Amino acid sequence: MRLPPQPDELLDRSHEVVFFFRGEPVRAFAGDTIGSALFASGRRVFSRSFKYHRPRGLVCCSGGCPNCMLTVDGTPNVRSCVEPVRDGAVVEPQNVLGSLDRDLLSVVDKVGRPFTPVGFYYRTMIRPRRLWPLYEKVLRNVAGLGRIDKHRGRTTRYDAEHRRVDVLVIGGGRSGLKAARAAAGRGESVLLVDENARRFGAEPFEIVAPGRALGIYEGGLVPIDAGRLLLRVRAGRIVVATGAVEQPLVFPGNDLVGVMLPDGARRLIRDFAVKPGERAVVLAADDRALAVVEDLARAGVETVASIDLREHDPSEISAEGRRGRLHAVSIEGVPHECDLLLAAGAPQPAYSLLAQAGARISYDADRGIFVPSELPEGVEAVGRVAGDLGRLRPTRACHGDGGFVCLCEDVAVKDLERALAEGFDSIELAKRYTTVTMGPCQGRMCHLPSIRIYAHAQGTDEAAIGTTTARPPWAPVKLGLLAGRTHEPAKLTAIHHRHEELGADIIWTGAWRRPHSYGDAPAEAKNVHDAVGVIDVSTLGKLLVAGPDAVEFLERLYPNRYADLKPGRVRYGVLSTDAGRIMDDGTVARLDDERFYVTTTSTGADSVLGWFEWWNAVWQLDVEIVNLTGALAALNVAGPQARELLAGLTATDLAAGGFKYLDAKEGRVAGVPCLMLRIGFVGELGYELHFASPYGEYLWDVLLERAAKPFGLEAQRILRLEKQHIIVGQDTDSESNVLDANMTWIAKLDKDDFVGKWAIEHAQERGPRELLVGFVMANGTVPAEGGQVVRDGRPSGRVTSARWSERVGKAIGLAWLPPDLAEEDATFEIRVNGRLEQARVRLRPFFDPAGERLKS
Amino acid sequence: MTELAFLSPGAARADDGLTPRQASPLARALAGSSGIRDLSLLGKIELRGEDPPALVDAIRITPDRALLLCEPERCAELLETLPGFAVDMTGALAGIELQDEALMRRLTDLDLSRLPAVGKVAGVPAIVAPRYRIFFAQEVGHSVVETVRDLQQGLA
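Just so you know, the sequences run in chain order A and B.
If you read the first sequence in my numbering, its first letter stands for residue 23, the second for the next number, and so on.
If you read the second sequence in my numbering, its first letter stands for residue 7, the second for the next number, and so on.
These are calculated hints, taken from the structure and not from any lab test.
Wrong hints could be hidden among the right ones.
As the list claims (entries may be wrong) - No more than 35 Å apart at the CA atoms, straight line, and that leaves these computed lysine-lysine pairs for DSBU-like:
#1 A/588 <-> A/687
#2 B/126 <-> A/172
#3 A/200 <-> A/588
#4 B/126 <-> A/548
#5 A/770 <-> A/877
#6 A/588 <-> A/682
Please read these numbers as outputs of a predicted model, since none were measured by experiment.
All chains, full assembly: derive it from the sequences and hints.
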């Protein structure tokens, strides 16, 4: 079936490749595409159409149309005419029941067509509504493209690579190569991308082929689909040399197997040495297409008729077929027996990328094509895409009554006319209603014909109809390639691997991975009450606020006072928004006159840093803000034996009188310089050690060797709840203010000003709408967090935190209640598993209410 | 004035039979890798101010912030002698050095012909110094290394 070697063929005849089509081996040469090899093996039907299952064969041989799509090695919708052959590749047809030559679903074409006009599924299958899922399932089974193997994608590797070049040339035809060589000659870095795996000679620049430019985005960003690699190219200059696309003619029978574009036949002959047919009729509207007659002659194909449409545009063309294959064509009543019809109107510049980049697209009525103009800066068009196409003349919209406009979605002339009759009179609406131009060819084959038919039917011209918006991607692309391999990075503390080694149950808290418990949270909490525990609190946000205006800065940011905070002392702080809502909380330690060490919640660190920097930009104070979150590891050593434990590791005076509750000191612990903060979120005597993160594991190990036992987040939650210490974001939400959260003492309304002061004053005047208070359950059941507070049978509040406390011997929690209910010993009900359970208000901490242990 | 010694890994001393031991945050992630040098324990000082001294290895982060790389032992001396506002950020930033330009192109969209530069590498904010020395928050360091090693496989 092969022709003798052709001068420019892409084949390496010394190298045979064998792949499998429906299990049968197909012999090919290296350089073949799956499509060319199948054609050479005698196959003519390559696919069955989207809706009507009509047999379809090769048309363009350049990856532009949908007709050659096959499933290759499990990947559906592969354009076989440009897919290089590979040894052992498994190729299967798609969207068929039976075989390509005898597809049982082609019954849709024979008996179903009257019932399935354009948009039928918007009208005829909408009632009864509950049956739509069934209709949809049936429709999806009988129409469409290939099927995705849902498991395969996970084993396929896709990567993305960023490239920067002076010049990107899109299209490796004559003009593209010329532009690339010229740029390379000037010493510019050049990347050339071409859709086809054609053979390029040695060139002084890099070539990516096959590769498809998917679009032109802002800043000259061009994503290129290079198979399993997405190249994100940023180019100083983009040269678009995408050429022109031959436009199919519209006439009855124009989708028969054997009706091709002249360029398609030429590629089969020149590139793959395959004879496209025996007897050919040629209808074309430009010199290049008409010259295919010479190729046909060389290949031994008899040309029975050749018509230059510029000289004579026949009013009627009609192709007849037998079993879907072309048998004869009748031109204005004159029959010609043939098995190959090469038909094309004027080639249309492939301007999509230029239009995306912002070029103006206007209709050239003399030549019958849309041409780009007013190119944006940094974008050039060269060669055929720029309209350099020789002598052209517009051809008729339709040559006869009927035919297909869109091969991808089986949209016929009748469908467009029907859409128009239904009132979809703009081309953009027609596109959405009929899906013309929305198939895999992205309008390459149907854009111009559909505009022409619309113009013809409405008695206007193409310029008045205009084009539809060009959007990326210009060619279909796999989602895997766009998704790439990026993932959200998790944050790990310097001590994380120790937690894993201890078998901790690790959970997500924001972006951080943290130990929930080391197996037995109640025992971990008990150990903090009875002995000494240690928890990794490296996740706390940590900021250094330094400078002559540091005091002023904090005074303006926080509702409470910092001017009177003495060096070496720590104070709790709550940040409020302009609207007086609680934003974050933490501690502020004064290191010296001008330096403060601020901690934030673990999840609030980034927003607090942003908040500080934003206000600093507004106020322009002389203050530096340094994010130390990752620089420092932090451990909270807590429990009645904490002092004794640390005393063996530091020379710092830890005596109750020398290192008081809410003191901050710098000193070495086990040789590592630490900032020690005596604070007590968990309610027992405790020291928070902040130190350089590279020593995280070392100091953790030392403390564990000295009998401290680790505790996790769950134990911490129990312990802090026993003290009614709130967690911002859990016990408060974006509506909560400091007054309602029962922290009236924190808002110093006599201060000149602070962020949110006006709103807090306003809230004070209005009085609280609800209050956050503690409660104990009467019978020991633990309500769900978020559980409903019920009063007189009506919902009137919610539980934010609840735990069983072994130490208190009760189920305890925090809840938002109506203000009049927020009184010691007041009773109310909480819905637990559908039943109402009694609860009683507790305004003071459940454990050590006077803080004697904390301050001991 | 406090010396903020708790920020400086170099300020640790053996004490009462205990010898502080530093660990790179990337130690485990890098085990068995090749082509990736760990720079995490290199000395790093952040300088503030619009006119930082003209130092050879100072990398501009923003118009008024710069990162100074130094031998770990030199940190203390530099912190003392540098004019202006300087903070020891040794523990804050992990770092790696790569050789492979193709690998860099898969990690970042930064212009590699114009280093140093600041931008995203492996999905995290990073500072890239010449010779493909990359610095990023230590808490996401393992994620960066995982991504680098994964991309190395893709290139192999």
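Violated hints, by number in ascending order, as checked against the structure
Numbers 3 and 4 - these are the hints that the structure violates, sorted from lowest upward.
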